[in-house]
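Asker: Residue strings, one per chain:
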Amino acid sequence: MGFSKLTETKVLLKQYFKDIISIEEGGEQRLIIDLQSKDITSMINHLKDFMDFKHLSMISCVDWPEENKFEIVYILTSYSKNIVLMLKTKIDRKNPKLQSIMSLWPQAVTYEIELNEMFGVFFEGNDRMGEEFILEDWDDIPPMRRDFDSLEYANKNFKFRDERKDKKIIREFISEHYDEWRKK
Amino acid sequence: MNVLRTIALILSLGFLSSILFYKIRELRNLSIIASLSVALGFVIKFFGIYTGIKRAFSYKDLFYFKFDAFSNFFVVLILGVGLLAILASWNYMKEKKGETFFYVFFMLTILGMVGLVYSRDMLSFFIGWEVMTMGSFLVILQSNEKDRFKFALRYFIISLIGAYSLLWSMFIIYNKVHSFKFSAFNSSVFTKGELTTLLITISIGFLIKAAIMPFHTWASGAYSRSPLTFTAFFSGAMSKMGIYGLFIFLYGSIGLSAIYKTGYNEFFQTSYFQYTLVWLGVITAFLGTLRAILSEDIRVMLAYSSVGQLGYMLIGIGLGSTLGLTATLFHVVTHGLFKTSLFIVVAAIIHRTGKTKFHELGGLINNMPIAFIATLISIITLAGIPPLGGFATKWLLYEAMIEKRMFFATAITMLASIGAFLYAYRLIQNLFLGQRKLEHDDVKPAPLTMQIAMLIPALGMVFLGFFPNLLIKYTNLFIELINIDFFKLGVKVTDTAFTNSYGYWNAFYLGSAVVIIFIVSTIYYNLQRRAKIYKIGQLDIYTAGEYVTRETPLNYSFNFYGFIFDSLKPAIKYSVTNFITRISKEFIALSDFVRRIYTGNGQHYAIFTMIFTIITLIYFLS
Amino acid sequence: MSTDSMYRLLVTIAVILGSIIYGFFINSLARRITARVQNRMGPPLKQPFIDVIKLYSKRTFVTHGIMQTLGPILMLTGIISTLILIPYGKGYLTLYSSNGDLITILYIMTFGQLAMALAVGQAGNPYGTIGVARGLTRMFGYELPLILALISLIALNHSADVNVIIANQHGGIANWNAFRHPFVGITALLAMLGMMSYQPFDNASAPAEVASGPITEFGGKFMAIMMTTNAMFVVAKLALLVDLFFGGASNIFILALKIFLLYLYPLFVGLVFPRFAMEDTFLFFWKWPTLIGFIGLAIAIF
Amino acid sequence: MDDLKRPTLDSDFTCDMAFNKITKWAQKNSLWLLAYGTGCGAIELSPTMTSRYDWSRLGIRGSATPRQADLLLITGYLSTKTLKRVIRSYEQMQDPKYVIGFGSCTINGGMYYDSYNTIKQLDLYIPVDVYINGCMPRPEAVLSGLAYLKDKIGDKKADGWIKYKQNFEWYRENQKKILKSFNGDNMPDKYNW
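Protein chains in written order, with this note's numbering: chain X, 1 to 184; chain U, 1 to 622; chain A, 1 to 302; chain E, 1 to 193.
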């Protein structure tokens, strides 16, 4: 018995990409790789063409306002190796720009315009960038950023129904009387 | 001066003026229209007169013309449709390339056709026939289509084959009978084989002109690439010349008894030759309809529709009974009316928008209301829906076929007419209804002359729907005239009702009932007082809540009957056109191979000459 | 106006009204039967009447143009014209069937459908147009076996007169065309499945697939008239089939019973089979029903 | 939060509501509802219409297009994007028409009270005749809501459609506050209110 496929992939990737920040196992059949943003396109290219990661599961984003960074996460899957790969890279929060991988997977377009809408990350080379996807007529900062206050926005834009005239808080009223109702 | 000479003179004057004033539009058109309408008036005035030597014209026993009601029937059609087509061309051809010579050749075609219809001998018939073919070929070349040469040439070559076939049979007849006159034909001097050959060659000549399958390959190209107002005439009047020729040769000259001599089937009470004609007609009607359903180009669809409709007429000819021939003559009129109207409508649309495909058009009802009404009436007639004129043809034809016990053929013909409903709907839906294209917002209505030209046939169709008996009265007259009286069975026309041994139908009562019911329904419909009807815009349609704009394409018009296409895909790839295209390709390849003999080297030619000489010597010496 | 034509007119009006009521009645009965098959209660029997009254009492009617407004009227005209050409019994109940034979009836039936198609076209909804294209394709499919069956009948009876065909079936169930000529009967019954546009072949209106097909843009009064005409059309088609294949009827009650029993057949077929795809629908009719129809016609001729 | 002035009816509303007995009865007993699942509540409709609860016995039926529908069900939360489509569908329905707000989300935002794209009060944007509360309401609750609506129609109190017609500007103003694209002139053709 030689190395497991997971270890093998890990070693191969380490050999190929010297600039990898970290590579670790994130559970069963799962690798988490940290990269610099400049490497991300060539890494994905290599993974798809030579290492059989044919499936793009999703592209996601995490906001780190403390570090002033966005963390973009690409999740790739290889069916032959049975490995899920998470590629993470951090980009500047002030000027979030990244290369689009639309040429590799056409379905990446949807993820990218969604990230653009929800976080304001700009993907270069995506020809549908800036299109309205879920939010129509949005005029505030992208809503998934952590400095966006949803409640405040809702208070500003939506009118809430007035509270009950008898000022009764229904939830407390129910919990007070719950047991006595059950006995009935 | 007799009537024929006068008509000839009037039409020749029109032709001459089209040459003389070929640069001056108003003068030329007015003189042509004047000459055509005077000739038409003249024919109508003397319509009923068909006896008396004064009306005939002959020259040294070679050329013989006769002015009778049967010819007049077709001449009225030719001159009427020609007049409408020229009226429509006034605006349609205006400032188009080829406008000047268009009228010259058009008049030449009309002249040839009138000549052949009045002729009662084969020689003048053939001359008229060739003048017609030549004229129409030259007219096709006046259009603005890029690929007109290819299709015009195809039309010309196939017509030539038909003409030779016709000429050959005429000379065979002359050889035996020693006269070109139709009435001089005597079947007793022919053997059975000779008669069969004669019938086949004659019908090939005419079937090619009528574009019956499998001789239809020229039709879609020639119809769609001509200037479209001429196509109205081409399809509305000229294609009927094949039917006229069959009529006059088979029943006017050769005679039914001679046809029966070539082989008679007791069960179907008809000859094998006529039986074949009926089935050719049925196949043409069905396949022509199918091709029309599947076409994406308006002109091609109408061309295939014409092919299919000519099939119905051939069925009537093939049946050879009074009822069948009546059906054919009736369909000659109705098809002349609705096809003229439809082609002029399409000409107007193409003139105004420049688009020829279904999916490039739509929603023109508000721009061209008159064209819409004309199309609506035409397609109701085309589909044969009562109470308009088209149903009379269908009824007569089916009863005629059932009377002859051709039930399978009847079933397929009926299916073909249901198919006509399919493409007819597409004509009105994809051109006039639905969403209007953005660039067609300010399309102007059809030019006035075209509106007149498309409305007159529409009125005719409505009239025929309520009073088909008036036309039947005349057609019965002609059929008696050309000596077909062997059939006692036939349609009995009392005031407005049609009765034969199988069925009955009362056009006027039915039409009136429909009108009365319509009026009553309208009154009932508008009884509700409180309700208000709001007229809303084209964009306010159910789109599952989505907001659409004018740019959103919302017309379902491309590949409209894709289901049928998908279902019949394996069968559709076999077509006569493909077969002929393949043969022509093979022929080109063969010629290319033969061409290699001419290498350009003198010594090779010397060897060929020597080999040829030696073979000839051996042949003659041995 | 003579008393005779007066009576005929009155009977005609009664038949037209009766066909509306009876059409609605069997429609709601069918809905109830469907519900029982699915272990439900189903709507009350008066439900179609309530629906129509409600649709008439709507306050707004929207239209996209003249053809959409005229379409339902023309449709009503076409259906009534069809209705009056079909005999429903003897005497005055033959209505005006002496003004047209089977071929006339077959053609005038399409009048209403053309009117509907035009109205849908003017409404400009692509779903509606797709529905019409599907409906016409299905019609092109089922007409072949239907025509074969009808032509066989004409060949067998030497007449295209519906009254004569009814008269020839006189004398017991065994003389009914459907049983005396089984191939013809089977063809007609298979073609009828397409004609009734019930479940396996309901791809024209195709609920939830192309919105509601041709009627997508019609509401209020337009929809009410369409429901009414549909009810009348169902009765007309079934009465014609009963006349041609099931021995006609001596009185109106037997006719009603026969119509209802015949209506159950496409209903139960529809409950068993799911919807066909459009290509399958088209090819279905051109395969087996057509083959059986050709056999039936061959037997009829030779 | 400024105090809202709810729309009221003008005096001529009786003219619009003047149905006679038969039509009123018909409207009550024949409700075709627009099958447009706007939120999670749409899942509750399946049991309501199938054999267990079978709403067809009450004369209720689904209809595919708004042209034929009488009743619009807002099944649960309504995001601003969906609201735009709902308004269009509502305006395409023919008078008289009714709306049922379904679940607590349509009443006060429910569990989405702090969401940036879920509306908090449905009746600001389209008139609601009946609210059914619960998260989600069971089929029994739905049926009781429908029965309540029927009674309301019978008592000539289901007047939301007249309110919408008469206070159209007020509703449009509210809609424009959250649907910015309603402000421009890129609204499609006029509707049939």
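I should point out that these hints are in silico values taken from the structure, not numbers from a laboratory.
Backbone N, C-alpha and C define an ideal beta-carbon position, used for all residues, glycine too.
Hints may be right or wrong, so weigh each one.
Claimed, not checked - In silico lysine-lysine, DSS-like type, Cα no more than 30 Å apart, as pairs:
(1) A:Lys46 with U:Lys532
(2) U:Lys261 with E:Lys157
(3) E:Lys24 with E:Lys177
(4) X:Lys156 with E:Lys180
(5) X:Lys165 with E:Lys24
What the hints assert, rightly or not - Covered stretches of chain E (in silico footprint by chain A; criterion: 3 or more residues with CB under 8 Å from a CB of chain A, positions within the stretch not fixed):
(6) 27-37
(7) 75-88
Asker: Does each hint fit the structure? Answer for all of them.
Answerer: Okay, the hints, checked on the actual structure:
Taking the CA atoms of Lys46 of chain A and Lys532 of chain U, the gap is about 27 Å. The hint holds against a cut of 30 Å. Simply put, Lys261 of chain U and Lys157 of chain E have alpha-carbon atoms about 88 Å apart, too far for the 30 Å limit, and the pair is violated. For the given pair, Lys24 of chain E sits about 36 Å from Lys177 of chain E by alpha-carbon distance, which is inconsistent with the 30 Å threshold. At most 30 Å may separate the alpha-carbon atoms for a hinted pair to count; Lys156 of chain X and Lys180 of chain E meet this at roughly 15 Å.
In summary, the hint linking Lys165 of chain X to Lys24 of chain E is not supported, as the alpha carbons are separated by about 35 Å, beyond the 30 Å threshold. Residues of the region 27-37 of chain E with a Cβ under 8 Å from some Cβ of chain A number 5, which satisfies the need for three, so the listed coverage holds. Chain A is given as covering the region 75-88 of chain E, and this is violated because 0 residues of the stretch bring a CB closer than 8 Å to a CB of that chain, at least three being needed.
When each numbered hint is compared with the structure, violations occur for hints 2, 3, 5 and 7.
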